[in-house]
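Going down the list, the protein sequences come from chains A and B.
One point on numbering: in my numbering, the residue at position 50 of the first sequence is 50, and numbering is uninterrupted.
One point on numbering: in my numbering, the residue at position 103 of the second sequence is 1103, and numbering is uninterrupted.
Worth flagging that the hints you see were computed from the coordinates, not collected in a lab.
All residues carry an ideal CB built from backbone N, CA and C; glycine is no exception.
Mixed in with the good hints, there may be bad ones.
Among the chain A residues that face chain B by a calculated CB cut under 8 Å, a handful are [as the list claims (entries may be wrong)]:
| no. | residue |
| --- | --- |
| 1 | VAL45 |
| 2 | ASP46 |
| 3 | ASP151 |
| 4 | GLN154 |
| 5 | SER155 |
| 6 | LEU158 |
| 7 | ARG162 |
| 8 | HIS166 |
| 9 | VAL167 |
| 10 | LEU196 |
| 11 | TRP248 |
Rough simulated footprint, nothing fancy, chain A against chain B, three-plus residues with beta-carbon under 8 Å [to be verified]:
| no. | region |
| --- | --- |
| 12 | 1056-1063 |
| 13 | 1089-1095 |
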Amino acid sequence: MARFRVALAERTASLLVLLVAWEAAARWARSRLFPGPGSVLTTIVDEAVHGGLLHDLGATLSRVAVAFALAMVIGTVLGIAMARSRAIDTLLDSSIVLLLNLPALVIAVLLYIWLGLTEAAAIAAVTFSKLPTVVVTLREGARTLDRDLADMAQSFRLGFWRTFRHVTLPQLSPFFLVASRTGLALIWKIVLVVELLGRPDGIGYAIQVFFQLFDVRRLIAYALAFVAVVLAVEWGVLQPLERRLARWRR
Amino acid sequence: MAPVTVGIAVDIHEKRYPGHAGAEPVTALRSLQARVAPSEFCVITGPSGCGKTTLLNIIAGLDRDFAGTLSFAPSDGGVPRVGYVFQSPRLLPWRTVRENVALVRPRHADKTELDGLLTDVGVADMADAYPAQLSGGMARRAALARAFAIAPDLLLMDEPFLSLDAAAADRLRRLLLRLVSARPATVLFVTHDLAEAVELADRVLVVSPAPGRVVAEMPIVLPRDRRRDCDTLAALRTELARLAGHPIEPDPSADPIAIP
């Protein structure tokens, strides 16, 4: 608890430094194009209460959630299948390598052309951008599965689900966590590009509108609100999950 | 439910491992026949690499890639419940001792029975510890508890007390005999240690160097409490070593009977 308080104090101090520097720079610049932290914060509150901030944020987050879930589930299944079967690995490997090296922008543009400017195209674009890293990570993980523990599970007849839950999944969890982390970091960025290109709502769309209006105050307000959510997920979900999964390590 | 123990009839014409990267395939077992009676404590001994572990894996059903037959009696009893104690404890590192043992039991099994077993085996104090926190002896006790947790018809043990100091191994051997007499099971026990073989077995099977087959067997009818007498033990060991026809003690300096 004491350590937590120290960490909190340090974090607050470093945030203060940032805010003071920002405020000073804004006062020195005295420009509509470089608003200070005070006016940005009031804009966040104002937009949340009267404007479209919450709607756009909700739209973006639901896209992130759906694409993330799809990519993790499909990627995990494909990754394990490719680790288990040489035939599947050989058949899919080139596609994975291609997808891994295809810029997300290209994927998004192509899907918008083929599927129209639809929600499905947007989510598919984000999913496909993230999918290959999940596949590659989980394939690596599934290749390191312990043969001895699998034999143990088989000789005690644990059955498919109990083996998967208690023997296989815990061995994959570090890889799963790495895939989630790098995946989320990637998705947060890609989803804005996809929205900017072809969606009528979401943070990415809003940023495009504010760019055209040269409305830097709102632009920063929306971006900061988005970053706050990303950090909340990191500190509130991913880090506690990581600690929980690592409990048994000494 | 009355415990049903099983007899085993195994008849292996040949068991081969494919050679890796162009190497010659290795024949682990050839013309190996063995019969084990229900409730018998059968010890298998032989030189390193003679296929003892392979034989246990075949009987456990982990390895079906062999030429030959394997059957259990009574044959109408279906597949026997097998408790396997591996050479290393093979506990799940991410589950506590209690969770490791509970995992192999039926989902709604009696909890007090589990606690009783953990106490019997002597791991009750460490029940909520993770395997990384256990000593070697404790981890082996936990593995033993797991094998007994399923009320096995057949207990397969692959050098289960290896790498323990003599006193700890001795305690665990007595624990094993106590558990087996409390709940009868057919036991197949692999060891290098002839003194251990003589102390535990109803019958000792001696396996030849690879490709392994049974070259000798020795029933031991003497009551177990009289086997601890050094002269008897030495006589039986000498007899066993003669039957084996080759030195199978890995290291004479580690001779367990030298320790009082």
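Can the region 1056-1063 of chain B be counted as covered by chain A under the rule of three residues or more with Cβ-Cβ separation shorter than 8 Å? holds (count 4)
Take the shortest C-beta to C-beta distance between LEU196(A) and chain B; is it under 8 Å? violated, 43 Å
Taking 8 Å as the C-beta cutoff, is the stated coverage of the region 1089-1095 of chain B by chain A satisfied by three or more residues? Check passed, 5 qualifying residues.
Chain B contact restraint for GLN154(A) - C-beta distance below 8 Å: This hint holds: GLN154(A) lies near chain B, its Cβ roughly 6 Å from the closest one there, short of 8 Å.
Residue hint HIS166(A), partner chain B, criterion CB-CB below 8 Å: holds, 6 Å
Restraint: SER155(A) near chain B, CB-CB cut 8 Å. Satisfied or not? Since chain B brings a Cβ to about 4 Å from SER155(A), closer than 8 Å, the hint holds.
Hint VAL45(A) vs chain B: min CB-CB distance below 8 Å? violated, 45 Å
Interface hint for TRP248(A), Cβ within 8 Å of any Cβ on chain B: holds, 4 Å
Given hint VAL167(A) near chain B, where the shortest CB pair must fall under 8 Å: holds, 6 Å
Given LEU158(A) as an interface hint, is the shortest Cβ-Cβ distance to chain B below 8 Å? holds, 7 Å
A closest beta-carbon separation below 8 Å is what the hint needs, so does ASP46(A) meet it against chain B? violated, 48 Å
Next item in the hint list is ASP151(A). Is there a CB on chain B closer than 8 Å to its CB? Hint on ASP151(A): holds, closest Cβ of chain B at ~5 Å, below 8 Å.
Checked against the numbered hints above, the structure breaks hints 1, 2 and 10 and satisfies the rest.
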